[in-house]
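Colleague: If you want the building blocks of each chain, they are given just below.
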Amino acid sequence: MTTVQDHTEEHDVHAAPPRRRTGLWRLLAPGWLRAIWMTALFGALGVGLVVGLRATAGWRPIIDWEPIITAAFLTAAPLGFLAGLGAFDYWLRWAFGFPTQPEDHSGHGAKRWTDYFRINTDHKVIGIQYVVTTVFFFLAGGMLAMLVRAELARPEADFVDSQTYNELFTAHAALMIFLFVIPAFAGLANYVLPIMIGAPDMAFPRLNALSYWLLPIAGTMMLTSFFFPGFGAGWTNYAPLSVDQPFGNVFFSMAVQWAGASSIMTALNFLVTIITMRAPGMTFWRMPLLVWANFTTSLLVVIATPFIAGSQFFVMFDRVMHTHFFEVVNGGYPLGYQHIFWFYSHPAVYIMMLPGFGIASEVISTMSRKPIFGYRLMALSLVAILILGFSVWAHHMFVAGMAPWLRIPMMITTLLIAVPTGIKVFSWLATTWEGRINFATPMLWAMGFVSMFVIGGLSGIFLGAVPIDIATSDTYFVVAHIHYVLLGGSLFTIFAGFYYWFPKMTGRMYNEMLGKVHFWMTFVAFNATFFPMHIIGVQGQPRRVYTYEDQFSNWNIFISISSFVLGASFIVFVYNMVVSWARGPRAPANPWRANTLEWQVSSPPPTFNFDEIPQVVGNPYEYGVPGAKHAILNGDREAATETATEEVRR
Amino acid sequence: MRAGSLIKVLLVSLVFAALATAVAIFIPWLPEQSSKEAERIDFVFWFVTAICIAIFAVVAAISVYSLFKFRARPDDDSDGPPIHGHTGIEIAWTAIPLVLVVAMIAVSSVVLVRNDRVPDNALRVEVWGQQFAWTFLYPPAGKVPGEDKMACVERDAGRIVDGCKASPNLQLPVDRSTRLYLSARDVIHSFWVPEFRQKQDAVPGITTEITITPTKTGSYRLICTELCGLGHALMRTRAIVTSAADFERWLSSRTTPGGMS
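Residue numbers (the numbering used here), protein chains in the order written: chain A, 1 to 650; chain D, 1 to 261.
Be aware that one or more of the hints could be misleading.
Unchecked claim - The calculated DMTMM-like cross-link candidates involving lysine to aspartate or glutamate, where the alpha carbons are at most 20 Å apart (straight line), are: (1) A:K629 <-> D:D120; (2) D:K149 <-> A:E327; (3) D:K149 <-> D:D175; (4) D:K8 <-> A:E434.
As the list claims (entries may be wrong) - Distance windows between CB atoms, simulated: (5) D:R117 <-> A:M146: 44 to 52 Å; (6) D:G231 <-> A:W520: 37 to 45 Å; (7) D:E39 <-> A:Y575: 48 to 56 Å; (8) A:F558 <-> D:Q33: 21 to 29 Å; (9) A:F390 <-> D:V99: 56 to 64 Å.
As the list claims (entries may be wrong) - Some chain D residues well away from chain A (every beta-carbon gap over 12 Å; in silico): (10) V15; (11) P97; (12) V144; (13) A157; (14) R176; (15) Q200; (16) M235; (17) R236; (18) A245; (19) T255.
Because the hints were derived from the structure by calculation, they are not lab data.
Only a predicted model underlies this, so the values are computations on that prediction, with no experimental measurement involved.
C-beta atoms are modelled at their ideal positions from N, C-alpha and C, and glycine is treated no differently.
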């Protein structure tokens, strides 16, 4: 901890402004100008490399666009973009033996809006970059869902053709999962987690900046795939169908690599930060549950994400390099894809849930003015979900043709997850019991999450029981289930987090009335959209079809209209966020009277979060305990030492 | 917790249970039940539904009650009572779900095993999926499909073996078990007849199996439920269940197509 403090104090010594480059020299300075020409240069080098190799090897045709686009435009050009922006400057100077420029912290903090468009090593700036970017991709993914529902409003195929329809629902899921839910949680945690544990920044600020800048690359790839034309094998991208898709499928395979790399780097950063940078006195049993949640999530990400990277590389190699991982005629094995894919993608469900559990715990405890009920069991059930989460992947494959004996063991582990999940739900409810509940917007979202997640969890029990899964697999029942879990679950907690920390992140208050309008509109339209999907699913409407029998048409038109209302509700959200950020009333440091550390500093917090590293002296949720303190800040060292020794004596 | 609030929560639970039961009963959830396997699957469905209604009612009642009862007045800045936990309650809400989960696992396992049985007199039919059509093949006596091979299709070439009878729709005799052997030519497809409930993917390179015992004559939708490309939504045919005599008549009237692919 001392090194961190010294570092903070040195700050002023190095605070000289960076050299300003003028004229043509500006082309060499890290930034967008250099990014533009370096993207072009790296792209050209990639083209040259592929064409050169093919010419040398005597392969015809020499100009084959599939490997060229894959190597040059989906791999080399993005690296050039990152290098141009300056993501690698420090490391490259160090690696080549040039004198490294000592960190002058000029990259910390954002003074103008343009500062959000630079490589910035401040975790608070990166957090905001993440959140704004993910909201953009959320809106894009939502628009795609609106188009899907427009097609499904009537039974006939009357709005888009079959290929476009497949691309729409595939890109919708891919954007929502890889560019909204997962990075939105990473962004919120990026902002608040270091402050919550009393650290001045993340452990690896440069790596943090790099993780963020991989996201716009992945998102751009997924959106531009539509022109090639896009990928339409579902976000699950099952082989061998994915291997003979239009070329856009390679865009998906590569976008997943960039987004996955971003996830892994962020997760490593969180793990090291949580393990090594907790303030004195912040033991594991004193960490806020959001920190616990991100700790377990990061373990899931680090262990599981390489598997989806592998599965997508196999698909891409089968296509671009003509390997035969999944081509039966040449000895490939299609089910191998599903095993590898779900070995990531089931834990991914928890990657998309556990951080939300953390947010819900923070909000519910603070807004109920009561300690979290059963804090240690809450933390331990996160660990139980982490471990069980790795043993259930094949429940996505009950009808897939895998070894039949695998079904019962996978059903047992799957249904067992209901136990730790149930513990969490019951504990949240017990936390509200006899509380003094403040129904501000974050609390509405958090309680909306608990209720919707219960429905999603119960439909999950239906799908976990093998015989019922055999009947309902690949129908709209599954579509209903995933949306109750990922929209009613993940999205609701993300909004709880957005509203809860909005005053901290922007220094301004959002409009409470608009926040409530947004919640109720989303809540009602969400249920009207997705609850009927359970019914048509069980009755026999399969998923991923653009046309269906007339018997389902009444429900479908109802669902489509509800989904448009659901889409419209996010206009209220965007309006509220934009206007409040620009003109909202100034936020106090601690509008929710919360105990955790991020609320003990100003809104927004100072550049290095704390003037002095705080001394943690107690648990984070001691609402209603007379005289209880979570931490001592701002130089009251003597009091801190006294409390600490007193505690030791006790 | 006071006894008064406990009774109130219980009453609210009963209201929610009644509402959920009404949703379960008055909405026509399941399609017609036309096979032995469907009867067993539906039993699991209603067994799980009953448990889920109970859990839903309790959770919904506690949340609604506590949200109305413990709402803070606008000027109330006080904190709630500092309750950190209760070991007894925590053990209870770990143990009770565990018991329910074990019960559901037991019922599901028994049904799964029974639905997967192959009686000795079972009819054997092979199902061949390709973009975007199904072919159903009836092997002659003596040709038995195995775990890794199909009796009627040369899988690599996609050719139908001489002596097998082929049909574009699935014809089945009523009240007799049929074992289906599924495979696919190009990509993964999935066989589903909602009225039979049974579903199974047809995967290139391997043979998968499923048992269906129709209990009612009639013509049912047979649909592909695994995204298989542009024509996925249209990859549909019928499953036609007739009396045993009608089925034999139909089968003997089919000619054997050579070399159909």
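Colleague: May I ask which of the numbered hints given earlier this structure violates, with the numbers listed in increasing order?
Modeller: Going through the list in order, the structure violates hints 1, 3, 9, 11, 13, 15, 16, 17 and respects the others.
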